[in-house]
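Novice: All chains, full assembly: derive it from the sequences and hints.
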Amino acid sequence: MASFLGHSAALIAALAVLPQLVGEFWAYTLALYFLYAIASLGIGLCWGQAGFLPLGQAMFFGLAAYLSGLSLIHFKDSWLLLLLLPGAALAPGLLAYGIGLLVFRGRTLSGPFFAMITLALTLLAFQIANSWNDVTGGFNGLKNIPGLPGLSDFTDLYYISAVALAVCLLAIAWLRRAPAGVLWRAVAQNEQRVRFCGFAVQNVKAAVFGLSGVLAGIGGALYAPQQNLVTPQLCGFLLSADLVIWAAVGGRATLYGPVVGAVLIGILTADLRDEISYWEVILAAIFIVVVLYFRQGLMGFVEPLFERLSRRRAGRTLDSPARPQATGDTGFALDDVRVRMGSVSILEGLDLAIDRPGIYCLIGPNGAGKTSCFNAMTGELPVRSGHIRIFGNTRTGAGADLLSRIGVGRKFQAPSLFPDLTVAENFNIGLWGGRARLRDLLRMDSHGWTSAILREAQARFPFLADEDRRAGDLSHGQRQILELVMVLIAEPRLILLDEPSAGLSQTETQEVIDAIRWVSGRHNACTVIVEHDMTFVRELADRIFVLHQGRLLASGTVAEVQADERVRAVYVGASA
Amino acid sequence: MDPILTTNILNVVYEVSTLAVVVLGLAVVFGLLGVMNLAHGEFVMIGAYCAFFVQTQSLPFLAAVPVALLVCIVLGLAVERILVRPLYARPFDTLLATWGLSMLLREGVEAVYGRGFKSVAVPLTDSIDVLGADYPSYRLLLAAVSIALVAGLVWWFVRSATGRRIRAVVNNRELAGSVGIPVTALARNTFIFGCCLAALAGVMLAPLLPVNPTLGLDFILKSFFVLVVGGLGSLVGLISGAGVIGGVESIVSAFLDRTYGYTTVLVIAILFLWLRPNGLFPRT
Numbered sequence: 001m002a003s004f005l006g007h008s009a010a011l012i013a014a015l016a017v018l019p020q021l022v023g024e025f026w027a028y029t030l031a032l033y034f035l036y037a038i039a040s041l042g043i044g045l046c047w048g049q050a051g052f053l054p055l056g057q058a059m060f061f062g063l064a065a066y067l068s069g070l071s072l073i074h075f076k077d078s079w080l081l082l083l084l085l086p087g088a089a090l091a092p093g094l095l096a097y098g099i100g101l102l103v104f105r106g107r108t109l110s111g112p113f114f115a116m117i118t119l120a121l122t123l124l125a126f127q128i129a130n131s132w133n134d135v136t137g138g139f140n141g142l143k144n145i146p147g148l149p150g151l152s153d154f155t156d157l158y159y160i161s162a163v164a165l166a167v168c169l170l171a172i173a174w175l176r177r178a179p180a181g182v183l184w185r186a187v188a189q190n191e192q193r194v195r196f197c198g199f200a201v202q203n204v205k206a207a208v209f210g211l212s213g214v215l216a217g218i219g220g221a222l223y224a225p226q227q228n229l230v231t232p233q234l235c236g237f238l239l240s241a242d243l244v245i246w247a248a249v250g251g252r253a254t255l256y257g258p259v260v261g262a263v264l265i266g267i268l269t270a271d272l273r274d275e276i277s278y279w280e281v282i283l284a285a286i287f288i289v290v291v292l293y294f295r296q297g298l299m300g301f302v303e304p305l306f307e308r309l310s311r312r313r314a315g316r317t318l319d320s321p322a323r324p325q326a327t328g329d330t331g332f333a334l335d336d337v338r339v340r341m342g343s344v345s346i347l348e349g350l351d352l353a354i355d356r357p358g359i360y361c362l363i364g365p366n367g368a369g370k371t372s373c374f375n376a377m378t379g380e381l382p383v384r385s386g387h388i389r390i391f392g393n394t395r396t397g398a399g400a401d402l403l404s405r406i407g408v409g410r411k412f413q414a415p416s417l418f419p420d421l422t423v424a425e426n427f428n429i430g431l432w433g434g435r436a437r438l439r440d441l442l443r444m445d446s447h448g449w450t451s452a453i454l455r456e457a458q459a460r461f462p463f464l465a466d467e468d469r470r471a472g473d474l475s476h477g478q479r480q481i482l483e484l485v486m487v488l489i490a491e492p493r494l495i496l497l498d499e500p501s502a503g504l505s506q507t508e509t510q511e512v513i514d515a516i517r518w519v520s521g522r523h524n525a526c527t528v529i530v531e532h533d534m535t536f537v538r539e540l541a542d543r544i545f546v547l548h549q550g551r552l553l554a555s556g557t558v559a560e561v562q563a564d565e566r567v568r569a570v571y572v573g574a575s576a
Numbered sequence: 577m578d579p580i581l582t583t584n585i586l587n588v589v590y591e592v593s594t595l596a597v598v599v600l601g602l603a604v605v606f607g608l609l610g611v612m613n614l615a616h617g618e619f620v621m622i623g624a625y626c627a628f629f630v631q632t633q634s635l636p637f638l639a640a641v642p643v644a645l646l647v648c649i650v651l652g653l654a655v656e657r658i659l660v661r662p663l664y665a666r667p668f669d670t671l672l673a674t675w676g677l678s679m680l681l682r683e684g685v686e687a688v689y690g691r692g693f694k695s696v697a698v699p700l701t702d703s704i705d706v707l708g709a710d711y712p713s714y715r716l717l718l719a720a721v722s723i724a725l726v727a728g729l730v731w732w733f734v735r736s737a738t739g740r741r742i743r744a745v746v747n748n749r750e751l752a753g754s755v756g757i758p759v760t761a762l763a764r765n766t767f768i769f770g771c772c773l774a775a776l777a778g779v780m781l782a783p784l785l786p787v788n789p790t791l792g793l794d795f796i797l798k799s800f801f802v803l804v805v806g807g808l809g810s811l812v813g814l815i816s817g818a819g820v821i822g823g824v825e826s827i828v829s830a831f832l833d834r835t836y837g838y839t840t841v842l843v844i845a846i847l848f849l850w851l852r853p854n855g856l857f858p859r860t
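Top to bottom, those sequences are chains A and B. All residue numbers for the first sequence refer to my numbering, where the first residue is 1 and numbers rise by one. All residue numbers for the second sequence refer to my numbering, where the first residue is 577 and numbers rise by one.
Treat the hints as calculated values from the structure; they're not laboratory data. Source: prediction; values computed, not measured.
Partner residues aside, some chain A positions facing chain B, computed with beta carbon under 10 Å:
#	residue
1	Pro-112
2	Leu-238
3	Ile-286
4	Val-289
5	Val-290
6	Val-291
7	Gly-342
Here are some of the chain B residues that sit facing chain A, going by a computed Cβ distance under 8 Å:
#	residue
8	Pro-662
9	Ala-673
10	Gly-684
11	Leu-797
12	Val-804
13	Trp-850
Distance windows between CB atoms, simulated:
#	chain 1	residue 1	chain 2	residue 2	range
14	B	Leu-851	A	Gly-556	39 to 45 Å
15	A	Gly-397	B	Leu-751	32 to 38 Å
16	B	Trp-850	A	Arg-551	28 to 34 Å
17	B	Trp-850	A	Arg-455	40 to 46 Å
The beta carbon of each residue, even a glycine, is placed where N, CA and C say it ideally should be.
Specialist: Here is the structure:
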């Protein structure tokens, strides 16, 4: 907190004295690039934090500029401006949020798809602005827009821009450190795991995009009174491209990167465009070099130092809120479930029902449909026919985030976590999922959440107490355990574990067995484990289900299944 | 038949078939290299400028074909080596790098030729009577050449040994490499091939377009949406995707205006993303 205040004071002081140092002309130029910088900050949020690239950000900047320009022209000196101008800044945010909800709803291809949709939208926005003469003034744009009432000289304009920039920077600095920021970076690294922690990823991404729309909106709304002219180019792809270049060269993942990029390159461009005829070509080449070799941009060289100094984690002192009380029955039932991929049939009428707490193992030869069974249950594979009931309700095709919120946890075969986040942050995503409300995600306190299961897990596995380590630096076995603990701290009532002991040492396996048994017993959970290791199965399983060719072949206790002729035939390969 | 209807149908055929040539290049590169080349449209633009260049040198129109191929082979070689190959494992960065490339090419051409529209003279100025409608013969020829080009390439892809190798690499890159298919060379050649197809389309379309540095944007967006709609599975997908996107756009634009045509295409693409995320003919 102290460092945050110190940080803010330094920023505000720097912005306040700048005009005295550089003179009036440069203060005026800076004021313009500060507005662009605010929009570029939005790119930093989307691309540097949440991991998706908007290529059409200028449409929000342009929309706000037109709205603000029209308001100023038609309601000059009216008190209504107090509502209209903030409205002009917020409207693009709403539009962006809406677009985000629409586009992120579809799952596949969302990487290039999102970028292309935004690029197409910005071209569309340009066309509308260019051809809708009655409202936008067409090609010539809106001219003679009055300035903000009461502000006249260049220095005033500078201070307005500087204040807006400072406020935006401080808000973003706060959000980046808040749980929301951790969640965004988690989305960028592993959307699937975020969904399985109970977050609706599409809403998270739409919110980030909406926020970036507001930032572009603030820039645009101030642009109109500052420049007194709004033309269709403000919505166009060239400005959109510039905003991305600035964020990239300055450093998209850093706080100040987009600002440094916008101000530095913006001013260089204004200065050099006429002198060097190939300046734009050089700029494009610089962008490519940054993408290839310097992904952290200019600020990447500076900011890690700050981050290290300021990252002092407080201990875990706050017990997390309890999960909402569970309702419904125990367990699940698959009824004649069929899944096909192309021409290959994966599940062929699988019937499987468990209605009592306990530990169950799912075994079967490779390709029997064990993992596919989990995938069908958690909505990762489309179910062709049949029904899936979980806790007594039909949940066929339900998404992972919903299932996680009602109490289904899943561990994947290959550890699925957030490699670039710390162990602490990995735990936190697990703890926040299904528990944190929006306001919890904005409070710094939530970083200090803990729970009985987490404390127990850290006692069992001492490496988990070293929470500042990067999760990606852990060994394979440690990552397996970290993911398992992430699943368990959500306190699920149905726990699906896909080969939890793969790659573990003998002692680790024993610890994992103890941990699973402890958690299952504590919460009366129903635990289903896919496993090949028969010692593991023998030690844990209350009951075994044998899958073969997408169907249930046999079930019973270990001894019963081992005595079953059909099971032997499948494993030994003899004809039945 | 009503001449206006005939003209409109022919317009759709011409629109769809030329679009198919552009998309084929993009799809082959995406299929084999997993690279969504955002600069694909700029290769169309470069093809169009080759036609303009040839005209300024008072050479016959057809001379633009070898010029465009030469330019694209050189460019494609360099781009594949410098941008695409180092980023195989980073698809998102490839997207960015090729987007940067698209800016580089656009700004490069702009620095040489300026921002203004150039026009390329239409090589065949007469028109032909088709079922009562007077239709420009160059457009007819263009549609015919495009259809022949796509059909020929597909035939070659299915029949030739190289086609078989390409399909093997698409299917399983590691395995193909381990049985002795020169994967790297094949990927390079495919990339160049894709660029050349785009440039050829650019040459052919140059007389009908206002040639300017930003004309590629329109093509990359349309091509991308064709892949979204058609799916990456097959030629049928590609052609039906081109049919939906090119057809809808030219019909809506003809009856309302370009802005509506454009909006309709966008809406279709978003609907497909929700309802059929793998397109009409998904890859199995």
